[in-house]
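Student: This is what each chain is made of:
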Amino acid sequence: MADEMKMRATLQGDVADVKVLMTHVMETGLRKDSKTEKFIPAHFIDHVVATLNGKTVLDAQWGIAVAKNPFINFKIKGAKPGDKIALNASDNLGTQYSGETTVAAK
Amino acid sequence: MNKFRRAFLKTAGAAGALLATAGVGLLKSGEVFAATWNKLAFSSNNMNDAMKNANYGGAVESKDIVLKAPDIAENGAVVPVEVTSNIPGTTSIALFVEKNQYPMVADFELPSGTEPYISTRIKMSQTSNVRVAVRAGGKNYTQVKEVKVTIGGCGG
Amino acid sequence: MTAGKPYLVWPVVLFGALSVLSACATRPEAEKTRMAPLELEKPASAAPWVRYKGWPSEMWNEYSTLAVAVPSTLSDPIKFDGPITGDPKNGEKLAFDRSRGGGCVACHVMGNPIPPLPGNTGPDLSEYASWGRSDEFTFNYIYDHRKIKPDSMMQPWGAHKLYSANEIKDMVAFLKTQKSPAKFKDNLENPNTRPVPVETRDNFDPFLNEAMAAVEKGKGLFSKEGAGKKSCASCHTDPGSAFKAWAASMPKHEPRLNKVIGVEEFVTRHARATTGEEYLMQSGGNLALSIYLRFLANGQPINVNTASAEHKQAIKRGTALLNRKIGQLDMSCADCHTAERGANKWIRGQWLGEFRGQIDHFPTWRTSRSEIWDITKRLQWCNVSVRANELWPGAPEYGDIELTISALNNGMKLSVPGIRH
Numbered sequence: 048m049a050d051e052m053k054m055r056a057t058l059q060g061d062v063a064d065v066k067v068l069m070t071h072v073m074e075t076g077l078r079k080d081s082k083t084e085k086f087i088p089a090h091f092i093d094h095v096v097a098t099l100n101g102k103t104v105l106d107a108q109w110g111i112a113v114a115k116n117p118f119i120n121f122k123i124k125g126a127k128p129g130d131k132i133a134l135n136a137s138d139n140l141g142t143q144y145s146g147e148t149t150v151a152a153k
Numbered sequence: 023m024n025k026f027r028r029a030f031l032k033t034a035g036a037a038g039a040l041l042a043t044a045g046v047g048l049l050k051s052g053e054v055f056a057a058t059w060n061k062l063a064f065s066s067n068n069m070n071d072a073m074k075n076a077n078y079g080g081a082v083e084s085k086d087i088v089l090k091a092p093d094i095a096e097n098g099a100v101v102p103v104e105v106t107s108n109i110p111g112t113t114s115i116a117l118f119v120e121k122n123q124y125p126m127v128a129d130f131e132l133p134s135g136t137e138p139y140i141s142t143r144i145k146m147s148q149t150s151n152v153r154v155a156v157r158a159g160g161k162n163y164t165q166v167k168e169v170k171v172t173i174g175g176c177g178g
Numbered sequence: 004m005t006a007g008k009p010y011l012v013w014p015v016v017l018f019g020a021l022s023v024l025s026a027c028a029t030r031p032e033a034e035k036t037r038m039a040p041l042e043l044e045k046p047a048s049a050a051p052w053v054r055y056k057g058w059p060s061e062m063w064n065e066y067s068t069l070a071v072a073v074p075s076t077l078s079d080p081i082k083f084d085g086p087i088t089g090d091p092k093n094g095e096k097l098a099f100d101r102s103r104g105g106g107c108v109a110c111h112v113m114g115n116p117i118p119p120l121p122g123n124t125g126p127d128l129s130e131y132a133s134w135g136r137s138d139e140f141t142f143n144y145i146y147d148h149r150k151i152k153p154d155s156m157m158q159p160w161g162a163h164k165l166y167s168a169n170e171i172k173d174m175v176a177f178l179k180t181q182k183s184p185a186k187f188k189d190n191l192e193n194p195n196t197r198p199v200p201v202e203t204r205d206n207f208d209p210f211l212n213e214a215m216a217a218v219e220k221g222k223g224l225f226s227k228e229g230a231g232k233k234s235c236a237s238c239h240t241d242p243g244s245a246f247k248a249w250a251a252s253m254p255k256h257e258p259r260l261n262k263v264i265g266v267e268e269f270v271t272r273h274a275r276a277t278t279g280e281e282y283l284m285q286s287g288g289n290l291a292l293s294i295y296l297r298f299l300a301n302g303q304p305i306n307v308n309t310a311s312a313e314h315k316q317a318i319k320r321g322t323a324l325l326n327r328k329i330g331q332l333d334m335s336c337a338d339c340h341t342a343e344r345g346a347n348k349w350i351r352g353q354w355l356g357e358f359r360g361q362i363d364h365f366p367t368w369r370t371s372r373s374e375i376w377d378i379t380k381r382l383q384w385c386n387v388s389v390r391a392n393e394l395w396p397g398a399p400e401y402g403d404i405e406l407t408i409s410a411l412n413n414g415m416k417l418s419v420p421g422i423r424h
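Protein chains in written order, with my numbering: chain D, 48 to 153; chain G, 23 to 178; chain Z, 4 to 424.
Think of the hints as simulated: they come from the structure by calculation, not from any bench. Some clues are possibly wrong.
Pairs of lysine to aspartate or glutamate, EDC-like flavour, derived with a Cα cap of 16 Å [as the list claims (entries may be wrong)]:
(1) Lys102/D with Glu104/G
(2) Lys102/D with Glu137/G
(3) Lys56/Z with Asp64/D
(4) Lys227/Z with Asp189/Z
(5) Lys188/Z with Glu83/G
(6) Lys90/G with Glu104/G
(7) Lys82/D with Glu61/Z
(8) Lys220/Z with Glu51/D
(9) Lys167/G with Asp189/Z
(10) Lys56/Z with Glu84/D
(11) Lys124/D with Asp64/D
(12) Lys53/D with Glu192/Z
(13) Lys153/D with Glu51/D
(14) Lys90/G with Glu168/G
(15) Lys348/Z with Glu192/Z
(16) Lys167/G with Asp71/G
(17) Lys53/D with Asp208/Z
(18) Lys66/D with Asp205/Z
(19) Lys188/Z with Asp93/G
(20) Lys167/G with Glu120/G
(21) Lys66/D with Glu104/G
(22) Lys124/D with Glu137/G
(23) Lys127/D with Glu51/D
(24) Lys66/D with Glu137/G
(25) Lys66/D with Asp208/Z
(26) Lys255/Z with Glu219/Z
Residues on chain G that point at chain D, a partial pick, calculated with CB under 10 Å [what the hints assert, rightly or not]:
(27) Val100
(28) Pro110
(29) Gln165
Where is the CB? At the ideal position from N, CA and C, for every residue including glycine.
Here chain D stands alone, though its shape is the one from the complex (with noise of 0.2 Å):
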């Protein structure tokens, strides 16, 4: 999943700074395509779940008005070097998306 999914983070004092750039269209579904001037379907991740060693640390719901190739940046509190920061992904249509790194010291 590497393709689908850049992930960093990195400790500032005992906070994890984590950045997430994830690869997907976000189509919002509004769109016509230019030729045959049908819209082109909705295909949007809705969900995403970040874990810090297994804890939830962040749960959110998303529309289709987050921008194509999607970024998030959240800070975890209490994490150390070597901590194990997963992220869980998945769209409208089911498709599943995750991504894993290492907190790493500053």
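Place chains G and Z on chain D using the hints.
Tutor: This is chains G and Z only, laid out in the frame that chain D set:
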């Protein structure tokens, strides 16, 4: 409830409605409601309804929410938005774009241990207020900023 | 065949890539400074050229392009007896309409209320009614300004069929309603007080600039073996030092092709002649290698040759092309990108930069499109934006323009991949 269960429920879709119902039976109802994609809020087509349906009704303006977004966005497809809540006990942060056809953008639940902060990039169909809603200690707060979406010179 | 011989077309065709690349490891040190092997026969881009998917499909065959100057017939001014009557409401609608070339508000402040984010490359027309111009003058200036003020940036809206004579009469009627100074909602709406955009993003942050992934991809392709079991790295064993400044010296005149080529076309032709890999211009692989090779030269001042006879000629041609009015909108590159004309002003909500500052970051990530664009694609887009047919990516005109703009940017440091709207 883990996300796989949730994905199962969701992707069961119309044809799999019975399966989904069977799945529900295994869980406490409260967990199901908390975890199901909030279709009502995401498909609300005005700001007030979207906020109310996302359980952010009656939010009070608060200067303790810092909403960073550009004054003028270079395009509406990728507008960077960063939110920091300085309200103690913040448990969730949600984003709305007033003039989008469906104003609700995202809702982030942040368990204790996660800083009351989120940064992401959103879509805006036109110049609009961007509104953030925060739940803290069971109460709702909000902050707003207008973001102008640049109009190109060469026409459409 | 050795690297020292003149690169005629036939040996490349006859012996193909393998004989060329087998030479690289063994050729004498002195010969390495001579001409790099290039495939010279085939087009370097998709042929026949077809415009990119998702771009406007309209063709503007009757108007000038960068390759062909079509003589434009100037309209004789039309005479009117007395005032022109028209529908000011419709005139206002047309003035604000972005679908036929951007509308008047792209360049002029006007309207009551003024539409969002007007431009200021042309004069503020909010008090035009008091300028004392006759209706006949106004009509003809909009219809075809070229007989009245040939050096204007204005478009010949009537003569180039963007608006009918009756529609222009409605615009004249609308302009006669413009009687009071512009009122703006805030200083962002006023193009004279709107802050100039400053690029502060870290273009090397891979979470911000998705084109950073192309650096890694390009690095990978550099070591990818072609059919002959050779990769770029087989000959260029230390790319970091070998290409420390090379990209900053491109584009260059290539005598074997008799035109100026940039990094992108060089990659296509050199790979064909060495590893045998096919990296057509505008392909993902070509963009990745081009970004990688420029990335290796980041921080180096742009340093294109402006002294050689070939380059002097190319810059002369390029300068003429930058000043050629093209397309249905009848605009030159210089109209928007020189300080004497439109640069450092707003075209609607978009800031127009000067030529200096326009090249150090290409290929660049375009956030509005989620795509990597090289300089050629950017030039093609400018062409289509002024409603002129674009040329194919390997067109010699683009080489001349790239060299000319690069010469204007000499001394600026490369910072690739960039990030822009």
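Student: Each of the hints needs a verdict: does it hold here or not?
Tutor: How the hints compare with the structure:
1. In summary, the hint linking Lys102/D to Glu104/G is not supported, as the alpha carbons are separated by about 24 Å, beyond the 16 Å threshold.
2. The hinted pair formed by Lys102/D and Glu137/G meets the criterion: a straight-line CA distance of about 15 Å does not exceed 16 Å.
3. With a C-alpha separation of about 39 Å, the suggested pairing of Lys56/Z with Asp64/D is violated against the 16 Å cut-off.
4. Only pairs whose Cα atoms come within 16 Å are accepted, and Lys227/Z paired with Asp189/Z is rejected, the gap being roughly 55 Å.
5. The hinted pair formed by Lys188/Z and Glu83/G fails the criterion: a straight-line CA distance of about 23 Å is larger than 16 Å.
6. Straight-line distance between C-alpha atoms of Lys90/G and Glu104/G comes to about 5 Å, which keeps the hinted pair within the 16 Å bound.
7. Of the supplied pair hints, the one linking Lys82/D and Glu61/Z holds, its CA atoms being roughly 13 Å apart against a limit of 16 Å.
8. For a cut-off of 16 Å, the pair hint linking Lys220/Z to Glu51/D stands: about 15 Å separates their Cα positions.
9. Between Lys167/G and Asp189/Z the alpha-carbon distance is near 14 Å, which keeps this suggested pair within the 16 Å criterion.
10. Distance hint between Lys56/Z and Glu84/D is fulfilled; the C-alpha atoms sit about 15 Å from each other, no more than 16 Å.
11. Restraint check for Lys124/D and Asp64/D: the C-alpha separation of about 9 Å stays at or below 16 Å, so the hint holds.
12. Between the alpha carbons of Lys53/D and Glu192/Z the distance comes to roughly 38 Å, so the proposed pair goes past 16 Å and is violated.
13. The suggested pairing of Lys153/D with Glu51/D is violated, with an alpha-carbon distance near 25 Å, which exceeds 16 Å.
14. Among the hinted pairs, Lys90/G with Glu168/G is consistent with the structure: their alpha-carbon atoms are about 11 Å apart, no more than 16 Å.
15. The suggested pairing of Lys348/Z with Glu192/Z holds, with an alpha-carbon distance near 13 Å, which does not exceed 16 Å.
16. For the proposed pair Lys167/G and Asp71/G, the alpha carbon gap of about 19 Å is over 16 Å, so the pair is violated.
17. A distance of roughly 12 Å separates the Cα atoms of Lys53/D and Asp208/Z; the hinted pair therefore holds under the 16 Å criterion.
18. Restraint check for Lys66/D and Asp205/Z: the C-alpha separation of about 15 Å stays at or below 16 Å, so the hint holds.
19. Simply put, Lys188/Z and Asp93/G have alpha-carbon atoms about 14 Å apart, close enough for the 16 Å limit, and the pair holds.
20. Taking the CA atoms of Lys167/G and Glu120/G, the gap is near 10 Å; set against the 16 Å cutoff, the hint holds.
21. At most 16 Å may separate the alpha-carbon atoms for a hinted pair to count; Lys66/D and Glu104/G meet this at roughly 13 Å.
22. Restraint check for Lys124/D and Glu137/G: satisfied, since their Cα atoms lie roughly 7 Å apart, inside the 16 Å limit.
23. Between Lys127/D and Glu51/D, the direct Cα distance comes to roughly 26 Å. Violation of the 16 Å bound is thereby established for this hinted pair.
24. Proximity of Lys66/D to Glu137/G is assessed by CA-CA distance (about 14 Å); at most 16 Å being required, the pair is judged to hold.
25. Of the pairs offered as hints, the one joining Lys66/D and Asp208/Z holds, with about 11 Å between alpha carbons and a cut-off of 16 Å not exceeded.
26. Restraint check for Lys255/Z and Glu219/Z: the C-alpha separation of about 26 Å exceeds 16 Å, so the hint is violated.
27. Taken as an interface hint, Val100/G checks out: its beta carbon lies about 5 Å from the nearest beta carbon of chain D, inside 10 Å.
28. A cut of 10 Å between beta carbons decides the hint on Pro110/G: the least distance to chain D is about 14 Å, and the hint is violated.
29. Interface hint at Gln165/G: violated, since its Cβ lies 18 Å from the closest Cβ of chain D, which is beyond the 10 Å cut-off.
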